[in-house]
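Chemist: So you can see what is in the structure, the chains are spelled out below.
2 protein chains.
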Amino acid sequence: MPRISDERRAANRAVILDAARRCFARDGFHQTSMPDLVAEAGISAGAFYRYFASKEEIVREIAHETFVNLASGLVATLERLDAPSVADVVEVITTALSAATFTADGREIDLDVQARVAVDAWGAVLRDEGLRREAGQGLRRFDAGIAGALARGQAAGRVSAGLDVADGAALVVSLLPGLILRRAAFGTDASAVGRAAAALLDAPAATRTGAHRSRTLPSASSPLSQE
Amino acid sequence: MPRISDERRAANRAVILDAARRCFARDGFHQTSMPDLVAEAGISAGAFYRYFASKEEIVREIAHETFVNLASGLVATLERLDAPSVADVVEVITTALSAATFTADGREIDLDVQARVAVDAWGAVLRDEGLRREAGQGLRRFDAGIAGALARGQAAGRVSAGLDVADGAALVVSLLPGLILRRAAFGTDASAVGRAAAALLDAPAATRTGAHRSRTLPSASSPLSQE
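From first to last, the protein sequence lines stand for chains B and Z. If you're matching positions, the first sequence starts at 1 in the UniProt record's numbering and goes up one per residue. If you're matching positions, the second sequence starts at 1 in the UniProt record's numbering and goes up one per residue.
Quick caveat, the hints were computed from the structure, so don't treat them as lab data. Cβ coordinates follow ideal geometry from the N, Cα and C atoms, glycine included. A couple of the hints might just be wrong.
To be verified - Derived CB-CB ranges, DEER-like:
| # | chain 1 | residue 1 | chain 2 | residue 2 | range |
| --- | --- | --- | --- | --- | --- |
| 1 | Z | Ala53 | B | Gly187 | 26 to 34 Å |
| 2 | B | Ala53 | Z | Gly187 | 28 to 36 Å |
| 3 | B | Ala47 | Z | Asp105 | 47 to 55 Å |
To be verified - Cβ-to-Cβ under 7 Å is the rule here; a few derived chain B residues that face chain Z:
| # | residue |
| --- | --- |
| 4 | His30 |
| 5 | Val119 |
| 6 | Asp120 |
| 7 | Trp122 |
| 8 | Ala161 |
| 9 | Gly162 |
| 10 | Ser174 |
| 11 | Pro177 |
| 12 | Leu179 |
| 13 | Ala196 |
Turn these sequences into a full structure, and let the hints guide you.
Modeler: Structure (structure tokens):
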């Protein structure tokens with residue numbers, strides 16, 4: 001077996017995973033065979049099997065990406081928000097899920113493809129304890145990232161003091177599968193949800209408790225304001 | 001072939017669909033075979049095939065239930081709300097999805113089972129045009145039911161006048177897959193999301209625009225108030 005560099009190895013692996021994502025998005029985990037994957041990757045079966053010995057390994061790796069990488073990217077963006085409102089946090093998510101691609105491990109991944117794969121990955125989670133554990137970790141990291149952002153917003157008076165930030169995180173994170181599913185099944189982007197969140201949630205906490213501050217005050221302090 | 005009454009026919013069909021739901025919830029659509037379904041139903045293969053000629057037909061029927069029946073039940077409940085706030089509308093959904101069962105066509109269906117089946121049904125939608133059409137119809141009916149409820153709430157001043165009710169419906173309906181997935185994968189109930197919605201969304205529109213009305217006013221007018 002010829003020795004290859006780490007860079008070459010990583011590139012081959014990326015080629016295989018990109019091919020797997022395309023196959024799974026088109027045909028689903030169950031209707032895709034190992035020969036389908038080898039053919040799509042355009043490399044020899046011998047080379048392919050040096051990276052992944054079975055379809056199950058590839059399914060796990062692709063599902064892993066879905067849960068961990070997407071959450072990591074969103075959490076990193078949330079951490080850059082100083083004092084967000086709930087609507088700002090929702091906007092991070094709706095903006096990310098309306099984009100054409102997302103970046104994971106320095107690679108651009110087609111979000112239409114990833115959305116379709118995510119729906120299959122949820123089904124896989126129900127029947128694979130290891131995946132369920134990984135999905136749970138991704139979810140907890142995501143919950144914590146959102147709760148942290150909401151807590152900073154709350155400290156700055158931009159999120160209602162009456163909100164338990166863990167509950168708020170549960171609300172916001174619950175939007176994600178619906179947005180992904182709607183995009184995968186119907187091509188619907190997330191902008192309507194972003195607008196609704198802005199209309200319903202953007203009032204600073206001071207307004208929410210009946211103070212005189214108008215909710216039409218400039219929201220220029222919003223780090224994600226599009227005005 | 002012996003003639004049987006319509007009641008008997010309906011009962012047999014229900015037995016088959018209950019068995020199919022249990023099989024699909026346990027093993028998924030793809031890992032369930034027609035003989036598995038016949039065995040679980042506990043009736044002869046000959047009798048079984050009089051109702052459903054293929055697994056695909058049963059998958060379609062079960063997926064149909066998921067999209068149409070659940071939405072119909074929720075829409076019927078939403079129609080009974082006179083002038084709901086956004087939180088009231090969310091509470092209809094979180095309450096329904098926290099229950100042990102839901103009722104469809106007069107039958108009680110186990111919601112843990114239905115939640116797991118729903119996740120598989122989403123995957124099926126991506127690759128079956130007929131199912132996609134049905135899911136789209138269920139979704140539009142659901143969107144319309146929510147938008148109608150929000151419009152009544154808006155007319156009564158309980159929903160912010162600045163909300164486009166179609167956007168609001170998109171927000172609320174986007175919560176559903178996340179709540180179903182979290183229950184199916186982790187057994188998490190929807191109560192945290194209900195609490196967050198109440199904390200963030202229950203202020204009447206008058207409060208949201210900075211009027212003097214306190215949001216700690218009694219909310220006894222809420223048709224779903226649990227106090």
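Chemist: If a hint holds in the structure, say so; if it doesn't, say that too.
Modeler: Here is what the structure says about each hint:
1. Z/Ala53 x B/Gly187: 26 to 34 Å: 33 Å, holds
2. B/Ala53 x Z/Gly187: 28 to 36 Å: 33 Å, holds
3. B/Ala47 x Z/Asp105: 47 to 55 Å: This hint holds: roughly 54 Å between Cβ atoms.
4. His30: Nearest chain Z Cβ about 4 Å off; hint holds.
5. Val119: OK, holds: B/Val119 within 7 Å of chain Z, min 5 Å.
6. Asp120: 5 Å, holds
7. Trp122: Constraint on B/Trp122 satisfied, holds at 5 Å.
8. Ala161: 9 Å, violated
9. Gly162: 5 Å, holds
10. Ser174: Constraint on B/Ser174 satisfied, holds at 3 Å.
11. Pro177: 4 Å, holds
12. Leu179: It holds, given that the least Cβ distance between B/Leu179 and chain Z is near 6 Å, below 7 Å.
13. Ala196: 4 Å, holds
In summary, the one numbered hint that this structure violates is 8.
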